[in-house]
Amino acid sequence: MTGLDYIAKRVLFALATVFAAVTLNFILFRAIPGDAVQALRCQHCTVQFKNALRQDLGLDKSKWEQYKLYLQGLAHGDLGKSVRSQRPVWDELWPSIKNTIPMVALGYLFSVLFGTIVGVVSAWRRGTIVDKGGLWTGLAFYSMPPQWLGLMIVLFVAGAVGLPTSGIKDPTLGILGDASTWDLIVDRLRHMILPALTIGLVLYGEYALIVRSAMLETLGEDYVLTARAKGLSSWATVWRHGFRNALLPVVTLGALSLGYIIGGFITVEYVFSYPGIGLAIVEAIDQRDFPILQGAFLLLAISVIFFNLIADLLYFRLDPRVRA
Amino acid sequence: MTTAIEAVEAAESPVDVRPGLLRSKVLRQPQTIVGLSVIGLFVVLALLSPVLAPNPKEQVGPVFDPPSSAHWLGTDGGGADMVKLLIAGARVSLLVGFCAAVVSAFIGGSIGLASGFFGGKTDTVLMRFTDYVIVIPDVPLMIVAAALFGRSLTNIILIIGVIYWTTTARLIRAQVKSVRERVYVKRARALGAGNSRLVGKHILPQVAPLLIANTVLLVAYAIFAETFITFLGLGDPSLISWGRLIENAFIDDALLNDAWWAIVPPGVCVALVVLACTMVGQSMEESLNPRLSVGHLSPRRFRVRPAPPPREP
Amino acid sequence: MRNKAAICLSVVLAILVVAGCGGSSSSNQTGESGAVVQGGILRVGTINYIDTLNPFLYIESQAGNAFNMIFPQLVQYDYKDGKYEIVGDLARSWDTSADGKDWTFHLKSGGKWSDGQPITAEDAAWTLNTTLKYQNGPTAVLAGTVAHVDNAEATDPNTLVIHYKKPVGNVLAVLELGWILPKHVWEKYAVGNGKGLKTYHPEQNLPMVTGGAYTIKSYEKKGTTVFLKDPNFTYGQPSNADAVALTYYTNADAMITDLKGGQLDYVDQVPFSAVNVVKKESSIQVDTVPGFETTNITWNSNPQKPKNRELLDPQVKKALSMCVDRDKIIDVVFSGYAEKVENLVGNPAIYANTDLGPLEYDCDAANQMLDQLGYTKGADGIRVAPATSGQYAQPAHKMQYEIIVPNSLDFNGDREFQVVQEGFAQAGVKVTEKAGGDSSSAYALETDDNCDAATSTGYSKFDIAMWDWVGYVDPDFMLSVVTKGQWCSWSDTGWVNADYDKMYVQQATTVDPGEREQLVKEMQKIIYDNVLYTQLVEEQAIDAHRKEWDGFNTALSAYSKTYYTAPHKVG
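From first to last, the protein sequence lines stand for chains U, P and V.
Just so it is clear: in the first sequence, position 126 is 125 by numbering that gives the first Met the number 0, and no numbers are missing.
Just so it is clear: in the second sequence, position 177 is 176 by numbering that gives the first Met the number 0, and no numbers are missing.
Just so it is clear: in the third sequence, position 395 is 394 by numbering that gives the first Met the number 0, and no numbers are missing.
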């Protein structure tokens, strides 16, 4: 099987999985008893209003019709309309997505950073208490529910370092147009740090383990021993080779663990009131806004599938065994 | 050509499981002993909870009272004793953990067994199905299912159980496949032994210990998943679990009232049990499968075991 | 001598002036204490967001507040001495024709929309007529404001006449729920089937044309919306603050933390669990007023309910209610910020019946009643309802039920349930909590999925629920929720009573206030005697502000422009 074959096969599989996710999505949300509109309750949600809304959202058609419409809509990038606001789901979710991405990216960064530092130090001081301590601490953080860890951070860390514990920005900074871009950026970063830190702490353990193994591997390899024998700077060599060894598993793990991160960041966003897609999901659940839930769910599923595909392709590219 | 997932699980070439292996090797390790003790402690507390903590939600003091000699961990947002709540919570959390893990193990084990034993078309179909399920993000699915199908305890257990069987399936499949190819099994088949005999006498004993080890890890994750669900308000409202206590603290504004005693203990309990299960499960798996020892870290690595740096066989 | 006296006097006067200036009395609702300092940005925190700036689309109540700020209303409310009264907003005065069918509103002149066009009676007439025209479709949201209206016309730029099909008693209260939109901006959407009215999102197309005390500078649905003082606002009291920044918080904790930290000046709704924390802050003033929100035990009162029909007996319901410790609820659930209530409409409402009951907390008497009614306690302490015959024959069964509790309450519903559970247990009845989900799903549990008023299908599965109602100044809405007309809509008791329904129509069209008051009070008594709801407590409305600001009036939230224009920085 050539490289191209492999790529084609994986892409096809990804597409097939997307389709399965789409269908599952549809079935899941139509399986509920009653429809989302019938149960809407608000000051002026009269029978007239609800009937009009039902028509608007196409809920008065047969399930099969709805499924076809849904697929057609998806092909045009239309995820349906929110029941609460009657605006397109994408318009409602896009701002949330824009908020989540940098925060999660920062979280990833933290986890790789902490993991690398701990991994390297552990490998260097292999077998000592520093080594064991480092790994067990990583494991301990990994065992904590992320929302609880978030609460711990709010309780014990936030006040001490003077970082905000909620929202994405200072609500009144620059509302009259009097703040510089730099101020605004710094403000955003300050609000991102604690939730990102929570994610980073929960995840770094596994990176630490991988990096440690990679470093240990490297330390035992012939060419490194030779290099050391020749008196070359040991840190640099070890670092360079260790890095290369660790690259593949770290990258693979990174892409594949998006699935896990999703569980983590939803609750973290909730704890920190961070207006990302996780919080949007929680609110949509509360308000029974199924189109929003459906859309968010689909987007997340597609992201996971996409990143798995990237992982497959990267693995194929980077795996030394495979490149013959 | 392997996919990243498959490559990453390549470390799991199964080994021959000798009876008594568990007892001799695993139980001797300090890791296992500590882990089992912790789990055992909580199990005992959970079983005794009707006696130790009757009526846990009853108000026994002022709201958010700090720890004192009367109430060692103070009171929560409703004035109930935190210690009693924790003990009562152990019961539900562990129950959900074990039951969901069993459900998962059952589904995963069955699929893995069928896949590995029958091979061919059955295998392909089942594995394709598994592939799809693996990729769907678990927490959103759980949230959505809980929101849609209601919040009873049974639902929660089923939902968690139905989502986490995939790695078990793959693991068991690999093991069954390898055992099936062993000489003595082939011989038995040649002599006319039926399927059920083959499975029952030869394959299951080789698979069971691995399944048990895996189930222990599943328990950890199920308890973890339960905290996600209850934290978002989707748990059974009449039950107390550790996840519920964390949620209550959040909703009752424990943070604002500086009531750390209402927030810290439930999370510590969860972390302890999860850690303990990890330790036990990990040491079991390592003994049964030494080549695993390099890579894997813990419960949620189910989906992925980081690949050890590749080396020439 | 005289000099010394003069100095003494001046000193005393000075002290008096300073004392008057510096201290603000605790529950001052009229904004008079402290020197008024103009300007500044009023930073408000809220847990309710503005979902849209199109009045035909909104669902969230906070949007209503926003509309008050940016659009004229004919009338609004004022709150004096614990009572609400209608006062004019754009309307200066009004009178009725002899037959009560024509209402003439005299509007203040000189008002301008933010684009310079004058605000006239034509805008008001257009808004009402358009609402009327599409009331079964795009304008259904505001259909209530034109109930019984035939048409509206502007007889001159400052005079609006509304013609009603029959005399209506609560015209002003109903009109208060609507706003006047600029015809020259909105009329292009009201063509054809009027769908354009529902797809126009002014918040996405800022700047939008406004005509109130504020213009909109920026809008974020789940973030901060900034209202700027409109210098051209003439028909009411202009804003003291230069701008109001309304920020939505998903988490009340974070909001209170920001108030404490000085990032917010005002919080419009303080959660009960946080009140005592906030009160400890010397820099923050907490105000409470009697609120409209009442919590209740909802009894399925559908005369055709198939099971557990012993719960249709008002005596049984009353006995069980007598075992509920409402004082404990007030203490544990509401930290003391609630009062016992008996009527359904809420004590701040007009014509609230304050002579009902009161429901005594007396479980011994309750147990006696239940014994006498023939519900004997079994060996396990749970009473048994005897077998019945006839159309709805049931075998004998234990009195144990599920109570639906939604998770969308703004207080801890589980704890309230626990008190009820304890109380019922003492009466020999066992209840367990059933998760209701959010309001929509809890409501679906009550009405059934295939609810149909025409065939009287529905309300067949639940026995008891616990919920709350937010009333309104005019009791009409609350009285309507137990009519057959609200079956499958707002009714959660499923009650049916033709006489009551007739009374409901009557009170809506009775013009004489004395007559209406009698009717309304009698209707409340009927609800009470039939124990359709067991009213538990009435929550207080609690807000909090930093002491650098004053002039807040909690009671006027969503009822008046002055709610945001009156607050000011303190000298």
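No lab work stands behind these hints: they were computed from the structure.
Quick reminder that beta carbons are idealized off the backbone N, C-alpha and C, glycines included.
Certain hints may be false.
Claimed, not checked - Result set (DSS-like, lysine-lysine): computed pairs, CA atoms no more than 25 Å apart in a straight line: (1) V:K82 to V:K306; (2) U:K49 to V:K194; (3) V:K524 to U:K97; (4) V:K460 to U:K49; (5) P:K120 to U:K8; (6) V:K429 to P:K56; (7) V:K100 to V:K187; (8) U:K60 to V:K306; (9) V:K187 to V:K216; (10) P:K200 to P:K185; (11) U:K49 to V:K306; (12) V:K187 to V:K132; (13) V:K194 to U:K168; (14) V:K483 to U:K49; (15) V:K429 to U:K97; (16) V:K429 to V:K483; (17) V:K165 to P:K56; (18) V:K164 to V:K483; (19) V:K259 to U:K168; (20) U:K168 to V:K164; (21) V:K132 to U:K49; (22) V:K306 to V:K194; (23) V:K228 to U:K168; (24) V:K306 to V:K483.
Claimed, not checked - Sample of chain V residues lacking proximity to chain P, with all beta carbon distances greater than 12 Å (derived): (25) H147; (26) P206; (27) T256; (28) N275; (29) E401; (30) D413; (31) V569.
Stated by the list, open to error - If you want a taste of the chain P side facing chain U, the calculated C-beta under 10 Å gives, among others: (32) G39; (33) E57; (34) V59; (35) L112; (36) F116; (37) V134; (38) M141; (39) A224; (40) I245.
Item to complete: Please write out, lowest number first, the hints stated earlier that are contradicted by the structure.
Response: Hints 1, 3, 7, 8, 11, 13, 15, 16, 17, 20, 22, 27, 28, 29, 30, 32, 33, 34, 35 and 36 are the ones this structure does not satisfy, whereas the remaining hints hold.
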